[in-house]
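Going line by line, the protein sequences match chains A and B.
Under my numbering, the first residue of the first sequence carries the number 1, and numbering increases by one thereafter.
Under my numbering, the first residue of the second sequence carries the number 1, and numbering increases by one thereafter.
FYI, nobody ran anything at the bench for these hints, they're computed from the structure.
Just so you know, even glycine gets a beta-carbon here, dropped at the ideal spot from N, CA and C.
Examples of chain A residues toward chain B, derived with CB under 8 Å:
(1) Ala21
(2) Ala26
(3) Gly30
(4) Phe33
(5) Leu34
(6) Val37
(7) Asn43
(8) Ala48
(9) Ala49
(10) Asp51
(11) His54
(12) Gly57
(13) Phe58
(14) His61
Derived CB-CB ranges, DEER-like:
(15) A:Asn43 with B:Ala239: 25 to 31 Å
(16) A:Ala31 with B:Ala216: 20 to 26 Å
(17) A:Val24 with B:Ile199: 20 to 26 Å
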Amino acid sequence: MLNSPSTSSQAVSLSSQQRMAAGVLALIFGAFFLFGVGFAHSNTLHNAAHDTRHALGFPCH
Amino acid sequence: MIGRTLFAAVLAGIAAGFVMSAVQMWQVVPLIMHAEAYEDGTAQAAPAEHDHDQGHSHAHEAEADHGHGHSHSHEAETDHGHSHDNGHEADDGASGHGHTHDGWMPEDGIERTTFTILANVITGVGFALVLMAAVMFSGREITMRNGLVWGTVGFFVFAVAPAAGLPPELPGMGGGEVAPRQVWWIATAAATAAGIAAIALWHGIAAKAAGVVLIALPHIVGAPVEPALDSPVPAELAAQFVAASLASAAVFWAVLGVAMGWLLQREPVTREAAT
Numbered sequence: 001m002l003n004s005p006s007t008s009s010q011a012v013s014l015s016s017q018q019r020m021a022a023g024v025l026a027l028i029f030g031a032f033f034l035f036g037v038g039f040a041h042s043n044t045l046h047n048a049a050h051d052t053r054h055a056l057g058f059p060c061h
Numbered sequence: 001m002i003g004r005t006l007f008a009a010v011l012a013g014i015a016a017g018f019v020m021s022a023v024q025m026w027q028v029v030p031l032i033m034h035a036e037a038y039e040d041g042t043a044q045a046a047p048a049e050h051d052h053d054q055g056h057s058h059a060h061e062a063e064a065d066h067g068h069g070h071s072h073s074h075e076a077e078t079d080h081g082h083s084h085d086n087g088h089e090a091d092d093g094a095s096g097h098g099h100t101h102d103g104w105m106p107e108d109g110i111e112r113t114t115f116t117i118l119a120n121v122i123t124g125v126g127f128a129l130v131l132m133a134a135v136m137f138s139g140r141e142i143t144m145r146n147g148l149v150w151g152t153v154g155f156f157v158f159a160v161a162p163a164a165g166l167p168p169e170l171p172g173m174g175g176g177e178v179a180p181r182q183v184w185w186i187a188t189a190a191a192t193a194a195g196i197a198a199i200a201l202w203h204g205i206a207a208k209a210a211g212v213v214l215i216a217l218p219h220i221v222g223a224p225v226e227p228a229l230d231s232p233v234p235a236e237l238a239a240q241f242v243a244a245s246l247a248s249a250a251v252f253w254a255v256l257g258v259a260m261g262w263l264l265q266r267e268p269v270t271r272e273a274a275t
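Take the sequences, apply the hints, and build the full model.
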């Protein structure tokens with residue numbers, strides 16, 4: 001992002017639409033990671049992340 | 001632009017995940033290892049102290065003394081007596097609830113530690129992205145100065161509020177079905193986040209009151225807990241674990257909030273977006 005002298009700070013900020021888009025994307029990816037590590041019932045995922053689940057208080061067996 | 005913002009969240013999450021891993025390996029994981037000896041029924045029933053290395057040697061001695069008919073006595077040397085393998089049938093009788101760990105699992109030692117750190121870092125990235133989403137939706141900024149406030153909000157949403165109904169549990173303590181507790185955990189985090197947002201972002205007494213109700217509601221409804229009074233894990237160990245777990249989460253959220261604020265306030269893209 002190039003800041004030309006005439007560019008105001010507003011012009012380089014995320015618009016409210018962009019903020020919503022970024023928020024939705026972040027929420028989807030974040031929830032996906034958290035589900036895989038903390039909540040998925042797959043035995044392999046559970047066993048791999050076992051200590052993390054306990055340590056962070058995710059409900060675990 | 002959006003990509004840079006998400007990238008900043010990922011970086012902050014990785015950093016906070018590593019810092020949390022250090023605290024966790026030092027303060028939390030030894031308690032998990034200790035509890036697994038009780039879960040397995042191989043620790044002594046009433047140890048006088050909770051030194052973690054002692055806990056492991058108890059496990060080995062008990063294994064040798066009692067035998068317990070476990071088929072995996074050869075593995076006890078490397079397993080530190082935890083029950084996540086073929087020995088778990090015997091565990092059901094001791095702890096009074098079905099607890100099975102089937103399939104592949106990492107070997108104790110480097111492999112298990114590596115997977116735990118990996119899972120911590122992925123969790124860190126996950127929480128970082130969710131925090132970033134909250135920043136984006138709120139219309140407020142995150143900076144190095146207020147990063148600790150954002151981190152504190154995350155700590156209350158994802159650690160304190162769920163722990164108030166479902167205290168972090170050691171292996172061998174779990175009570176009841178997992179799925180209803182997971183639903184309550186997620187619903188509590190969501191309601192707490194919504195309640196804090198209502199109080200912090202909306203004006204008017206009605207919004208504040210609605211926020212308080214949202215925060216209190218999961219605890220009025222109550223968590224789906226079955227008291228695990230028959231747990232073989234000593235209460236002192238469980239109490240230590242809850243404190244250590246919340247402490248490590250507090251460190252994680254503090255580092256995450258400050259790191260994200262530091263990274264984003266250097267990004268011109270979000271510096272003044274709140275207006």
